[in-house]
Each structure stands twice: as C-alpha cells, then as structure tokens.
Amino acid sequence: MYDFKYHRPATVRQAANLLLKNEDAKVIAGGHTLLPVMKQRLASPPHLVDLSHIEGLDGIEMKGRSLVIGATARHADVASSAIVGEAIPALAELAGLIGDPAVRHRGTIGGSLANNDPTADYPAACLALGATIVTNKRRLKPEEFFQGLFTTALASDEIITRVMFPVPKKAAYVKFRNQASRYALVGVFVAKRPSDVRVAVTGAGSEGVFRVTAFEEALKKRFSHKMLDGLTVPAQGLNSDLHGSAEYRAHLIAVLARRAVEAATGKA
Amino acid sequence: MAKISLIVNGNPVKDNIDPRTLLVQFLRENLRLTGTHVGCDTSQCGACVVHLDGKAVKSCTTLAVMADGHEIRTIEGLAADGAPLHPMQEAFREHHGLQCGFCTPGMIMTAVDMVHRKGHDLSDHTIREELEGNLCRCTGYQNIVLSIAAGAKAMANSDLA
Ligand SMILES: Cc1cc2nc3c(=O)[nH]c(=O)nc-3n(C[C@H](O)[C@H](O)[C@H](O)COP(=O)(O)OP(=O)(O)OC[C@H]3O[C@@H](n4cnc5c(N)ncnc54)[C@H](O)[C@@H]3O)c2cc1C
Ligand code: FES
Ligand code: FES
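Those sequence lines, one after another, are chains X and G.
Going by the working numbering, the first residue of the first sequence is number 1, and it counts up by one from there.
Going by the working numbering, the first residue of the second sequence is number 1001, and it counts up by one from there.
By construction, these hints were calculated from the structure, which means they are not laboratory data.
These numbers come from a predicted model, not from an experiment.
Using N, Cα and C, we set each Cβ at its ideal position, and we do this for glycine too.
Be careful, since some hints might not be right.
[To be verified] Distance condition first, Cα-Cα at most 30 Å in a straight line; then the derived BS3-like pairs of lysine-lysine: (1) G:1003 - X:39; (2) X:169 - X:226; (3) G:1003 - X:26; (4) G:1014 - X:5; (5) X:21 - X:5; (6) G:1055 - X:5; (7) X:21 - G:1003; (8) G:1118 - G:1153; (9) X:170 - X:220; (10) X:169 - X:141; (11) G:1055 - X:39; (12) X:26 - G:1055; (13) X:39 - X:21.
[What the hints assert, rightly or not] So, partial list: chain G residues that the calculated Cβ filter (under 10 Å) puts toward chain X: (14) 1020; (15) 1022; (16) 1046; (17) 1049; (18) 1055; (19) 1057; (20) 1061; (21) 1062; (22) 1063; (23) 1069; (24) 1131.
[Stated by the list, open to error] Residues of chain G placed beyond 12 Å of chain X at every Cβ, according to the derived structure: (25) 1010; (26) 1013; (27) 1015; (28) 1019; (29) 1028; (30) 1033; (31) 1051; (32) 1082; (33) 1143; (34) 1150.
Whenever a hint applies, use it, and build me the whole structure from the sequences.
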C-alpha cells in the first residue's frame, strides 16, 4: 500500500471540503473494496477521508412511503434492521447475502453504490425499486447514477449521504453466487411497484446492472411467474468469463427471474 | 503519522503509527499478538478475524487508525494466560477442529461472534452458512462444524462470553 494522509471529518460538509482541497483524495467508508485495491497498489489515493465518524450518516428510518438508509449503514445493520424487514424484506435479505458475516460488519451501502461493481448486489435493488440516491449536491435516479462498469455520475467531491427506497407492493431478490468470490454470478431483483413492474439484473451485463423490459411488460399484465414462460434473454452483450458463458448467464437470468417472482408472490 | 488509542483485550493501548498500518499488522507487529494470522491477500480467508466492538471483522481489511477509540478482542483475549481455555477453544481441542491450526484463531473468533448473534443452539446448516468467510485447507470442515456446535452449547454454561 502506498502512503496517504488520513482525515477524519465530523460532518459531510467538512468531508466534501477535504475532497475539494486535496486532489485525488478519496473517501473511505467500510474499506472493503478500497483497502483490497490499495493493498494491490491498483489505487493510491494520497488522502483518505474517513466517513465513519460522521454522526447520523448511518441511520435507517421510514419517511412517508419511503425507506431511507444512510450511506454508512453497514450491510449487517440493513440485514438485521426491523424497519427494513418490515418495509422491504427483500432488501434485508439481499444485504444478508453480501459476502460473509465479517464483510457485512464493515461494508456500507454507500460504498457499494459508489463502487458500482458489475457483480454487486445493491445496484440491482436500487434499479428495480426505483430508489433515489441522495448526495451532498443533488438527487439522482439509478438510471442517471449508474454509468457502466465501476463508473457512476459522482463528481470527485460528491458524497452519497442516503438512499431512498419507495416501498413496493411485492419484491424479491434471488442471487446465484459465484462460489469463489461470493459476489453474484447473476442476481435478479423483481419489484411490483404501484405503477409498474421492474426486473433488474446484476452480475451478467457487460455494462453493469440493467433492466429486462420484455419481462417487465409480461409481468405488468399479470404478476405471476407463468407470464415468463417461454421468454428468454439474448446472450449478446452479456459477460462471458471462466465462471460462466454469456449463454449460461442468459439462461440463469430467466430461471432466477421466475424464482424471484415466485418468491415475491409467495410472500405477499 | 497518526496517534491512536484503543482497548485491546481489555487493556488500553496508545501508539503513533503510519496510517497505512493494517489492524492485523498493528496487532502482530506492534503489540506482538501473533495469534491473529494472515492467510490471504484478498480478504477472503478469515484467518485474521478479530472482534471490533464485539463484532467479527477481518483485521487485514481494516486500518488500525479506523480502530482508534474502539475495542478490539483477539484470540489471546478469550481466556487469561494459564487459565482454562475458553469453551470454544476447548471444543476445538476436544473435537479435533484443527489440523495445522493456521485458520483456527479466525475460526474461533468467527464462532464466538456467531454464538453472540445466533445463540447457543446452532444447526449444521447455520454454522456452514456463517463460515462462508473462513477457509480451512486441512480439515474438510466436518470437525470444525462439530466443534462450533459443541462450543456454542458449552458457552451457555460458562462465565466466559
Ligand atoms: C470477501 C468479500 C466479499 C464480498 N462480497 C460481496 C457480495 O457478495 N456482494 C456485494 O455486493 N459486495 C460484496 N463485497 C463488497 C462489499 O460489499 C463492500 O463493502 C462494498 O462494495 C464497498 O463498501 P465499503 O463501505 O466497504 O466501501 P469502501 O471500500 O470504503 O469504498 C469503496 C468506494 O466507494 C467510495 N465511497 C464509499 N462511500 C462513499 C460515499 N458515501 N459517497 C461517495 N463515495 C463513496 C470510496 O471512495 C471507494 O471508491 C465483498 C467484499 C469482500 C472483501
Ligand atoms: S488474511 Fe484477512 S481474510 Fe485472509
Ligand atoms: S487447520 Fe490447517 S488451515 Fe485449517
């Protein structure tokens, strides 16, 4: 790991100022993506701005019809939160499927979204539920926020402060794990929202998380796994690597989408 | 350099460290608590698991400065020197939960955290799910699972948490 200067701001404003003042400074939340990358010397930020001492940034609460999760809420806290379990149980389940218990004790939702790993779990939930990602500067829809592999709309001095999830009528997430890394080989998040149905896929897209509109149209007519009978996803544009071919991932998307709808309707 | 002050195994510790020091390096090299191991470079093996404010974390993926003001417990902190072993350690000994022993400190710290969160009656399935982040290259896990189930029960009747 290369040398850096460590900063510990007490407020988001102080953190943003530190980012603005120090070129190439990076925030660190749980460190469970950034530190492994720094250890490999693939990243060498000269300044690290630690968000973990900013009070109130990790809160979880209901605001009207939305579940609001603070950026530094850890995966384990989301997984075990009674508020999340009550409002969007699929989201609590998703958080409980990230990595392993020790990873969940450190990793945060803000860090996961900012990183936009194409195999991460939270991006699928944000896209399917139509979340709003709130930063110190603005509010972003997932379609604007996620911009391809490990790329987001965040400016260099922009900090995610919270994520707002409108409560769906029904939702479920089904993840097919990569046995070695525990990230998603494919993960499908299905949400029946008051106005529409959304199906978001992680792990498979060569540009990161994406929606399957053909599935959404079918499920909008009737929210039943039977509506997906005979529907497939083209393998074109999907990832192909030593863990699975594009065809295999396309097959998994259809299977997992069915299972997710079954899970969502079973829980109603 | 960065000044840190924290509690390690119940003892206050103060130091002035290079901010890049990983928590595991700090424990092993500065405090000579070499029970915590490093088994990988990818945050996957769990040999380095310690408790931070009572929760299992990978000390190879945590900066020592991030532990400033917090409480750390390592394998050395489970039972006092010379005193009988902690029930989870004793269960690993009794049920042959280790061969080379390299993964064992991380296994045991993960197991104790598991009991704190999931209780004393752990099914094989729960134990295997919870061991997701701990790798063992020797045992094939069978006896680790047996040890944890027995250790969890024994902890119910022990003064050591
Ligand atoms: C062994 C292992 C297994 C894992 N398995 C999974 C898995 O199955 N699924 C999954 O989704 N993830 C997985 N992860 C990743 C884990 O969820 C990370 O915790 C997460 O991706 C990053 O969150 P963090 O808080 O640790 O971020 P950090 O590592 O601290 O930061 C990551 C990036 O986000 C930036 N950042 C952090 N917070 C903010 C913010 N509030 N605003 C703006 N930028 C910010 C940082 O500058 C950095 O660039 C795994 C990690 C490990 C080590
Ligand atoms: S040394 Fe920490 S996970 Fe392997
Ligand atoms: S006992 Fe050798 S690695 Fe587990």
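Consistency of the hints with the structure:
For a cut-off of 30 Å, the pair hint linking residue 1003 (chain G) to residue 39 (chain X) stands: about 22 Å separates their Cα positions. Only pairs whose Cα atoms come within 30 Å are accepted, and residue 169 (chain X) paired with residue 226 (chain X) is accepted, the gap being roughly 19 Å. About 21 Å separates the Cα atoms of residue 1003 (chain G) and residue 26 (chain X), which keeps this hinted pair within 30 Å; it holds. Proposed proximity of residue 1014 (chain G) and residue 5 (chain X) is supported: the alpha carbons are some 19 Å apart, at most 30 Å.
A threshold of 30 Å between alpha carbons decides the hint, and for residue 21 (chain X) with residue 5 (chain X) the separation of about 13 Å falls inside it, so the pair holds. Among the hinted pairs, residue 1055 (chain G) with residue 5 (chain X) is consistent with the structure: their alpha-carbon atoms are about 27 Å apart, no more than 30 Å. Pair hint residue 21 (chain X) plus residue 1003 (chain G) holds up; C-alpha atoms about 23 Å apart against a cutoff of 30 Å. The hinted pair formed by residue 1118 (chain G) and residue 1153 (chain G) meets the criterion: a straight-line CA distance of about 12 Å does not exceed 30 Å.
A hinted pair counts as satisfied when its Cα atoms are at most 30 Å apart, and residue 170 (chain X) with residue 220 (chain X) qualifies at roughly 13 Å. Simply put, residue 169 (chain X) and residue 141 (chain X) have alpha-carbon atoms about 20 Å apart, close enough for the 30 Å limit, and the pair holds. About 23 Å separates the Cα atoms of residue 1055 (chain G) and residue 39 (chain X), which keeps this hinted pair within 30 Å; it holds. Under the criterion of a C-alpha separation no larger than 30 Å, the hint pairing residue 26 (chain X) with residue 1055 (chain G) is consistent with the structure, at around 26 Å.
At roughly 25 Å between alpha-carbon atoms, residue 39 (chain X) and residue 21 (chain X) fall within 30 Å of each other, so this suggested pair holds. The beta carbon of residue 1020 (chain G) comes within 5 Å of a beta carbon in chain X, closer than 10 Å, and the hint placing it at the interface holds. Using the Cβ-Cβ criterion of 10 Å, the hint placing residue 1022 (chain G) at the interface with chain X is satisfied: the shortest such distance is roughly 8 Å. At its closest, the beta carbon of residue 1046 (chain G) sits 7 Å from a beta carbon of chain X; the interface hint therefore holds under the 10 Å criterion.
This hint holds: residue 1049 (chain G) has a C-beta 6 Å from the nearest C-beta of chain X, less than the 10 Å allowed. Annotation: residue 1055 (chain G) was flagged as interfacial toward chain X, and the flag holds, the nearest CB pair being 5 Å apart, inside 10 Å. Interface hint at residue 1057 (chain G): satisfied, since its Cβ lies 5 Å from the closest Cβ of chain X, which is below the 10 Å cut-off. At a threshold of 10 Å, the smallest CB-CB gap from residue 1061 (chain G) to chain X is about 5 Å, leaving the interface hint in force.
Taking 10 Å as the C-beta contact cut-off toward chain X, the hint placing residue 1062 (chain G) at the interface holds, the least distance being around 6 Å. Annotation: residue 1063 (chain G) was flagged as interfacial toward chain X, and the flag holds, the nearest CB pair being 7 Å apart, inside 10 Å. Interface restraint check: residue 1069 (chain G) against chain X, minimum CB-CB distance 9 Å, threshold 10 Å, status holds. Hint on residue 1131 (chain G) holds. Least Cβ distance to chain X is approximately 8 Å, under the 10 Å limit.
Look at residue 1010 (chain G): its CB is around 21 Å from the nearest CB on chain X, clear of 12 Å, so calling it non-interface holds up. Chain X leaves residue 1013 (chain G) outside its interface by the beta-carbon criterion, the shortest separation being 18 Å against a cut-off of 12 Å. Residue placement check: residue 1015 (chain G) keeps its beta carbon more than 12 Å from all beta carbons of chain X (closest about 14 Å). Not every CB of chain X is more than 12 Å from the CB of residue 1019 (chain G) (nearest about 4 Å), against its label as outside the interface.
For residue 1028 (chain G), the requirement that its beta carbon stay farther than 12 Å from each beta carbon of chain X is met, with the minimum near 16 Å. For residue 1033 (chain G), the condition that its CB be more than 12 Å from all CB atoms of chain X holds, with the nearest at approximately 18 Å. For residue 1051 (chain G), the shortest C-beta to C-beta distance to chain X comes to about 9 Å, within the 12 Å cut-off, and the non-interface label is violated. Distance to chain X confirms residue 1082 (chain G) as a non-interface residue, since its nearest Cβ pair spans about 30 Å, more than 12 Å.
No beta-carbon of chain X is positioned within 12 Å of the beta-carbon of residue 1143 (chain G); the least distance is around 20 Å. Non-interface call for residue 1150 (chain G) relative to chain X: holds, since the shortest CB-CB distance, roughly 20 Å, exceeds 12 Å.
Of the numbered hints stated above, those contradicted by the structure are hints 28, 31, listed in ascending order.
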